[in-house]
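Take the sequence shown: its letter number 77 is residue 77 in UniProt numbering, and every next letter is one higher.
Among the clues, some could well be false.
[Stated by the list, open to error] Here are the computed distance ranges between Cβ atoms for each label pair:
no., residue 1, residue 2, range
1, Leu391, Tyr180, 19 to 27 Å
2, Pro400, Leu452, 23 to 31 Å
3, Ile91, Trp384, 21 to 29 Å
4, Tyr180, Val464, 39 to 47 Å
5, Trp49, Tyr496, 18 to 26 Å
[What the hints assert, rightly or not] Lysine-lysine pairs mimicking BS3-like chemistry, simulated, CA-CA at most 25 Å apart:
no., residue 1, residue 2
6, Lys303, Lys31
7, Lys47, Lys184
8, Lys455, Lys268
9, Lys41, Lys265
10, Lys272, Lys31
11, Lys31, Lys179
12, Lys265, Lys47
13, Lys336, Lys47
14, Lys216, Lys47
15, Lys184, Lys272
16, Lys47, Lys31
17, Lys216, Lys303
18, Lys336, Lys303
19, Lys268, Lys41
20, Lys336, Lys31
21, Lys455, Lys272
22, Lys272, Lys41
23, Lys31, Lys216
24, Lys41, Lys31
25, Lys47, Lys268
26, Lys184, Lys336
Keep in mind that the hints were calculated from the coordinates and are not lab data.
Bear in mind that the values here come from a model prediction, so they are computed numbers and not experimental data.
Cβ coordinates follow ideal geometry from the N, Cα and C atoms, glycine included.
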Amino acid sequence: YRKSSSQEPELYSPASPGPQQEPISTYFEEKVPIPEDDMTKLFSFRKLWAFTGPGFLMSIAYLDPGNIESDLQSGARAGFKLLWVLLGATIIGLLLQRLAARLGVVTGMHLAEVCNRHYPTVPRIILWLMVELAIIGSDMQEVIGCAIALNLLSVGRIPLWAGVLITIIDTFVFLFLDKYGLRKLEAFFGFLITIMALSFGYEYVRVAPDQAEVLKGMFVPYCSGCGPTQLEQAVGIVGAVIMPHNIYLHSALVKSRDINRANKKEVKEANKYYFIESSIALFISFLINVFVVAVFAEAFYGKTNMEVSLQCNETGSAHSELFPANNETLEVDIYKGGVVLGCFFGPAALYIWAIGILAAGQSSTMTGTYSGQFVMEGFLNLRWSRFARVLLTRSIAIFPTLLVAVFQDVQHLTGMNDFLNVLQSMQLPFALIPILTFTSLTSLMNDFANGLVWKIGGGLLILVVCAINMYFVVVYVTALNSTVLYVFSALLSIAYLSFVCYLVWRCLIALGVSRLDFRGSVQYPPTVLMDEQPEFDS
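Model the full assembly from the supplied sequences, consistent with the hints where possible.
Written out as structure tokens, the structure reads:
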């Protein structure tokens with residue numbers, strides 16, 4: 001034991017078992033100091049400001065182009081009726097992000113590092129590959145979202161493949177902003193979120209949705225007259241909001257604050273302020289998502305292709321051929337959404353929409369790269385130079401994205417987006433099960449381990465989220481209408497479910513169902529211990 005300068009006893013955390021290793025180098029080597037206010041105060045704005053940053057970087061995943069596309073499709077297909085689903089998904093996301101933040105704060109390690117220490121080699125490698133797949137899928141949506149925005153802003157002069165290359169290059173440039181200080185990097189992300197809020201907020205004011213309908217859709221959990229299309233859209237909202245790699249990212253971002261983990265009061269205080277900051281950040285992201293849903297619900301719900309085509313022809317739009325002259329319900333994505341806004345509300349609405357999409361794509365591409373860094377460093381324990389790590393993680397997503405950009409037309413990307421959403425939905429268990437497992441371990445979290453309510457509630461939440469996303473996957477696969485693909489999907493499902501069952505088995509043991517550990521082979525060595533501080537003479 002030792003004493004701090006404030007005469008408060010502190011505990012050294014015992015080292016992890018096994019050979020000692022140097023901590024893995026990350027972007028967040030700089031630690032943001034926390035002001036030393038009176039610890040007995042219930043709340044301090046100075047401390048909240050010091051902890052502000054990681055939650056807003058995390059919230060960007062709730063505003064990526066995939067989420068924006070899900071929002072506008074929700075509005076166009078179901079009107080305001082699914083806003084309550086968006087609200088519920090955001091609240092569930094907040095509770096799951098709370099677990100991720102607590103893991104990073106209490107242990108000083110992010111989720112990928114903890115997985116590296118506690119899972120055997122083969123499951124660890126499989127888990128890493130699954131998370132990398134989720135990051136690649138998300139990255140492709142984000143980079144292509146930027147490319148679509150550049151295409152709209154340039155009136156088609158910048159083709160999709162060129163937009164992809166521009167996005168990749170400027171992402172490299174922006175990622176090195178942290179050389180000028182971590183707070184400046186966080187401020188830049190805050191600036192991009194502000195651009196999104198102003199852009200989509202302008203569209204909201206311009207369209208002027210019915211406020212009563214917005215509130216009704218948000219707080220009345222009912223969808224009158226909804227069918228399979230709206231049900232699939234509701235499932236898609238949950239899948240778009242809760243993203244697997246974001247759990248890994250948030251558990252790493254919270255390490256950027258200078259917290260004495262040996263001091264139980266400091267850890268408890270950090271958990272409190274991180275939760276408040278995450279709540280504020282996700283509330284802002286929720287409002288931005290509501291702007292998009294409400295705009296398309298008010299202006300385009302129930303519209304047909306014929307109505308949109310006629311309007312675009314009247315305004316002289318160069319994109320009127322996008323909408324066939326038939327009476328089928330309008331189908332939109334982030335590209336067609338911008339075009340439709342331009343046809344009905346003028347060119348300013350189109351360009352401001354594109355600016356918002358560009359900010360969403362650029363910010364989420366950067367945070368996606370950070371996720372790739374932390375996942376690769378944690379699972380593989382890499383000791384590479386920073387530039388080499390950036391180059392590798394960027395390259396993993398560059399090649400499939402460029403192939404799509406070269407061989408796919410900008411006007412026909414909806415099918416690819418659906419596939420990427422399914423890909424990410426399948427990876428959710430590989431983030432949610434580990435985070436519940438490790439935050440429930442007393443040997444790892446000690447006094448901050450999940451209690452019975454969180455164990456049961458967290459388990460049910462994760463079960464519901466995974467079940468919803470599996471439904472989304474089944475709906476997608478059954479629509480393929482191919483016997484070969486059915487057989488391949490069945491074989492893949494056996495391997496997939498086997499690995500999920502393995503993770504669930506280890507999770508149940510961590511939750512206290514020790515009878516499932518038949519041979520006593522599952523061991524979780526202690527990593528951090530913070531026992532009650534003993535009284536001793538000064």
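Status of each hint after checking the structure:
1. Between leucine 391 and tyrosine 180 the beta carbons are some 21 Å apart, a value that agrees with the proposed interval 19 to 27 Å.
2. The hinted window of 23 to 31 Å between proline 400 and leucine 452 is violated, with their beta carbons roughly 44 Å apart.
3. Between isoleucine 91 and tryptophan 384 the beta carbons are some 38 Å apart, a value that contradicts the proposed interval 21 to 29 Å.
4. Evaluation of the 39 to 47 Å hint for tyrosine 180 and valine 464 yields a pass: the beta carbon distance comes to about 43 Å.
5. The supplied range of 18 to 26 Å is broken by tryptophan 49 and tyrosine 496, whose beta-carbon atoms lie about 44 Å from each other.
6. Pair hint lysine 303 plus lysine 31 does not hold up; C-alpha atoms about 52 Å apart against a cutoff of 25 Å.
7. Taking the CA atoms of lysine 47 and lysine 184, the gap is about 18 Å. The hint holds against a cut of 25 Å.
8. With a CA separation close to 19 Å, the supplied pair lysine 455 and lysine 268 stays within the 25 Å bound.
9. Distance check on the hinted pair: lysine 41 and lysine 265 sit about 12 Å apart at the alpha-carbon level, within 25 Å; holds.
10. Taken as a hint, the lysine 272 and lysine 31 pair is honoured in the structure, with Cα atoms around 19 Å apart against an allowance of 25 Å.
11. At most 25 Å may separate the alpha-carbon atoms for a hinted pair to count; lysine 31 and lysine 179 meet this at roughly 13 Å.
12. The suggested pairing of lysine 265 with lysine 47 holds, with an alpha-carbon distance near 14 Å, which does not exceed 25 Å.
13. Of the supplied pair hints, the one linking lysine 336 and lysine 47 is violated, its CA atoms being roughly 44 Å apart against a limit of 25 Å.
14. As the CA atoms of lysine 216 and lysine 47 are separated by approximately 37 Å, the hinted pair breaks the 25 Å bound.
15. As the CA atoms of lysine 184 and lysine 272 are separated by approximately 24 Å, the hinted pair is consistent with the 25 Å bound.
16. For the suggested pair lysine 47 and lysine 31, the alpha carbons sit about 14 Å apart, so the restraint of at most 25 Å is met.
17. Note on lysine 216 and lysine 303: the hinted pairing holds, with a Cα-Cα distance of about 21 Å set against a maximum of 25 Å.
18. At most 25 Å may separate the alpha-carbon atoms for a hinted pair to count; lysine 336 and lysine 303 meet this at roughly 14 Å.
19. Restraint check: the Cα-Cα separation between lysine 268 and lysine 41 comes to about 13 Å, which is no more than 25 Å; the hinted pair holds.
20. With a C-alpha separation of about 44 Å, the suggested pairing of lysine 336 with lysine 31 is violated against the 25 Å cut-off.
21. Our distance criterion of 25 Å between C-alpha atoms is met by lysine 455 and lysine 272, whose separation comes to about 19 Å.
22. Between lysine 272 and lysine 41 the alpha-carbon distance is near 13 Å, which keeps this suggested pair within the 25 Å criterion.
23. With a C-alpha separation of about 44 Å, the suggested pairing of lysine 31 with lysine 216 is violated against the 25 Å cut-off.
24. This hinted pair checks out: lysine 41 and lysine 31 have alpha carbons roughly 23 Å apart, not beyond 25 Å.
25. Restraint check for lysine 47 and lysine 268: the C-alpha separation of about 13 Å stays at or below 25 Å, so the hint holds.
26. Proposed proximity of lysine 184 and lysine 336 is contradicted: the alpha carbons are some 35 Å apart, above 25 Å.
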